[in-house]
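*Asks:* Sequence:
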Amino acid sequence: MKKASTLEGAMLIALVFLIRGMRPAPAAQEKGDACRNADLALSQSKLRDALSLFQTCHKQDPSRVEALSSLGIVYARLGEFDEAIAAYKQGLALDPWNPQLNMNMGLAYLKSGRYEEAARSFSRTLLVESDNSRVEELRAFCHYQLEQYELAATEAQRVYKAAPQEESAAFLLGSIYLKLRFYDKAIPLIDQALRKADSAQTHALLGEAYMGIRAFRKALQEFTRAQELQPDMPGLNSRIGAALVGLGDPERATVEFDKELVRDPNNFEANYYLGRLKRESNDYEAATKYLEKALQLRPDDPSTVREYSALAIQSRDYATAESMLRLVVEKYPNYFDAHVLLAEVYFKTHRPEEAEREKAIMEGLRKKEQARSPRPSDDTLHPILDIP
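Per numbering that gives the first Met the number 0, the sequence shown starts with residue 0, numbered consecutively.
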């Protein structure tokens, strides 16, 4: 079973915020005895009784949208989301633009992890109820899960502007900003949500934001607090280790990475950082072991390729380093550190013209970087770089 990452755990908290008080909404209806009894059973959480009674209610008049809506609600409360969605679809066949049915179906899709379908259902709700900020928040959450961060940010900004006091809106927008690397914007929003939800996940997420602005000591404080609240949180020892690397404490960082690997030998970050730290301390045999494991876990990760290439250069295996680095710069042409190492390979293999070409690229990248806001280094958030 796949373990949830720190960020995934934090977004589960956001989901709890979002759907709290957002149970599927019943539609008004003229009730016969079966429908009245079904409502009573539902209010008493006698879900199986309610299901049977709503099925009877629907059979009495198959054209009644309200009965299908209520039937879907019961299925959703039972966790039978496919059946709930089928009931909502039947209702929407009779009333395609019913906002409650579309919202309810969106919730069923969301709770079953079908975010694309959920976003479409929420969009149909908003075409009728354009000022429904809760539904827009849910749609933004879906777009976040679909990694459509710019779109999610646009939606979440509208929600937060309408209700800046809502912790769910602050938490979601802060989480999206974190993905977009707007760390300064993310921190106060996540901190706002944290004051109302003192959970391990929110402390861990705030730690990630501090990592993004290289505030390693504050990040360490947040990760440590998260560990106090939930000692067994997956990946947390690695994040503590990364913060310690940023603080220049490789000995304590190594202890944390070792702890992580005892729990999960396939933790990418721990293998990556241990490989890097071992290389920097000239323990090439151990460095090779950890970096090869990291490459096995994520073969295309550019930072790991860079570290392995640096190890190859130290071992005078220039051919291996060159072939790996050329692949990296082809895929990530703005990856400064890869160009640095490639220039070193060219100098050491007596190809000055190619080395000078790499130096010119580096100078161009340096000027481009100075013209915009600072971006984090590899130590900052995670060894995986999504370099444009």
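Just to be clear, a hint being listed does not mean it is correct.
Claimed, not checked - Pairs of lysine-lysine, DSS-like flavour, derived with a Cα cap of 27 angstroms:
id, residue 1, residue 2
1, K184, K217
2, K330, K366
3, K178, K358
4, K160, K110
5, K292, K258
6, K184, K160
7, K367, K330
8, K88, K110
9, K358, K347
No lab work stands behind these hints: they were computed from the structure.
*Asks:* For each hint, tell me whether it holds in the structure or not.
*Replies:* Hint check results:
{"no.": "1", "hint": "K184 to K217", "verdict": "holds, 16 angstroms"}
{"no.": "2", "hint": "K330 to K366", "verdict": "holds, 21 angstroms"}
{"no.": "3", "hint": "K178 to K358", "verdict": "violated, 31 angstroms"}
{"no.": "4", "hint": "K160 to K110", "verdict": "holds, 26 angstroms"}
{"no.": "5", "hint": "K292 to K258", "verdict": "holds, 16 angstroms"}
{"no.": "6", "hint": "K184 to K160", "verdict": "holds, 14 angstroms"}
{"no.": "7", "hint": "K367 to K330", "verdict": "holds, 19 angstroms"}
{"no.": "8", "hint": "K88 to K110", "verdict": "holds, 17 angstroms"}
{"no.": "9", "hint": "K358 to K347", "verdict": "holds, 14 angstroms"}
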